[in-house]
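Protein chains: 2
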Amino acid sequence: MAKLWIAVDWGTSNLRVWVMRGDKVLAGLSSDAGMGGLAPEDFESVLIDLIGEYLPEQGRTDVICCGMVGAAQGWQDAGYTGAPCPPLNPLDMVEVATRDPRLAVRILPGVKQVTPADVMRGEETQIAGLLAKAPDIEGLVCLPGTHSKWVFVRQGAIEGFRTYLTGELFALLTRQSVLRHSTGAGWQSEGFLEGLSTGLEREGGGFADLFSVRADMLIGGRSTDFLTAKLSGLLLGSELAAVRGLWAVDNVQIVGDARLAQHYQQALEYIGATVVLHDASDVTLMGLTQAWNDLSEGKP
Amino acid sequence: MAKLWIAVDWGTSNLRVWVMRGDKVLAGLSSDAGMGGLAPEDFESVLIDLIGEYLPEQGRTDVICCGMVGAAQGWQDAGYTGAPCPPLNPLDMVEVATRDPRLAVRILPGVKQVTPADVMRGEETQIAGLLAKAPDIEGLVCLPGTHSKWVFVRQGAIEGFRTYLTGELFALLTRQSVLRHSTGAGWQSEGFLEGLSTGLEREGGGFADLFSVRADMLIGGRSTDFLTAKLSGLLLGSELAAVRGLWAVDNVQIVGDARLAQHYQQALEYIGATVVLHDASDVTLMGLTQAWNDLSEGKP
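For the protein sequence lines, the chains are A and B, in the order given. Be aware that the first sequence starts at 1, since it is given in our numbering, and climbs by one per residue. Be aware that the second sequence starts at 1, since it is given in our numbering, and climbs by one per residue.
In case anyone wonders, no lab produced these hints; they're calculated from the structure. A couple of the hints might just be wrong.
What the hints assert, rightly or not - Some but not every residue of chain B turned toward chain A, in silico, with C-beta under 10 Å:
1. Val119
2. Leu173
3. Gln176
Claimed, not checked - If you want the footprint, here are the derived chain A segments under chain B, 3+ residues with CB under 8 Å:
4. 50-57
5. 211-218
Each residue gets a CB set at the ideal place from its N, CA and C atoms; glycine is no exception.
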């Protein structure tokens, strides 16, 4: 019988855990105890609270972690591997000393790029999972989120990548800027396409047109549903314009959760790209499984 | 002896009042009772608290107001005059009914532009003051602020204008986004120039490079002083790139307060423009004085 081990995706605001036997999921668990709210000494007890009942009394159980848990402010700093590099770098994993003798915790490093300066932590594991699922994938992988990442993959390696603050800007602008008066929870697709087209075409893209989201309401009588979608389109159009300045955007793998991924898909199809969607949670688990397999087989 | 009247610049977060006799200032007063915190029924008593002691008992004293006091959520909606138009439009002033018989309150309208949709409220009075000071000014006027405005002036009229959220974005990003960890109160000019150059040159400008402000700290070891200035440069460079796409940026009048105006001046001189600085408070009062003169002379 395959060994029991624990896969952990520990982000800033959430903790997701799978209790595994080989590549079979015995249990999926989650908690809102993200690394953002924890001090280094808290991580072990939070983890034990979640998985304690599954741990055999004898021996150490492998725990493989990815994500912000490995940041300087996390459980332990797992550093970065420098791109270009494979997405998984088992030699660079850090071992974390634990008080509980049932645990053998390892954290995967992030990936850094020196010029232009950029970092990722967690997304590299999703890229590894994507490559485990479809080893021949080459080209652009888009990972939408608060900080979206675009990763150029070739021959199984991360060649380069860029991060955009699009999601965080959208949240700040709709909740806390003057644009909060003209945006809301609704969505009207015509607005998204109008914003997208402006964001893609103009110098400075959607950035230069943000105030129009206010003015369109004051003097244009546009609805908040229209303008919320327009703001999203302006920002996403700007992001796409920047990405197009770096890479050919023709075939794109999107790794993300449903709603946000659909907006990226719509935007990419608008500019003629072919898109394949992948579930973020699935590929994260596949990446962690690949890391555990590499570790078990003594690779590299 | 010239008549006593009251000049009022009532913005979202501040109220500024000058007690005038003709074009002479008898007293300058201010309060933090901006329109943002007031309901329509509050404005009159706030004003009386500030100026009551100066009002003659007999007759009505003219009170000329500009700014957000004339917004739909202000004291009374003063509407907008449509550009192209002169900056002052006395025929469009609205009279506000008051309980106190000593007041004759009028609010100047804002200016709107239909395509692309944009609005201003208060800046038009500053443009009027600038033209009162130097009637021959033609070309671009830059009014830095939370929402900076660029106004193209020709033959004494506002031909067109654009608003950018640059100041508000800088505040949100440095206080509330992930970039708050790599920015602070300091300033290092080399950072400003690096950001400015990137913001001006790239497709999507500084928008695409915002995350570098985080990565430059994590893996580049840059100081928060450098990165705060870099972020400002990225945003200002993006704004300038957008403005350059609309108008020739060679001679620019800047109307603004010291520190922010200096950053705009530095950026404009970096791209070879000739800049003249004007104090915002001075030109506001000159614009209000011009409006009162027009009213007194029965113009137009």
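Evaluation of the provided hints:
no.	hint	verdict
1	Val119	holds (5 Å)
2	Leu173	holds (8 Å)
3	Gln176	holds (6 Å)
4	50-57	violated (count 0)
5	211-218	holds (count 6)
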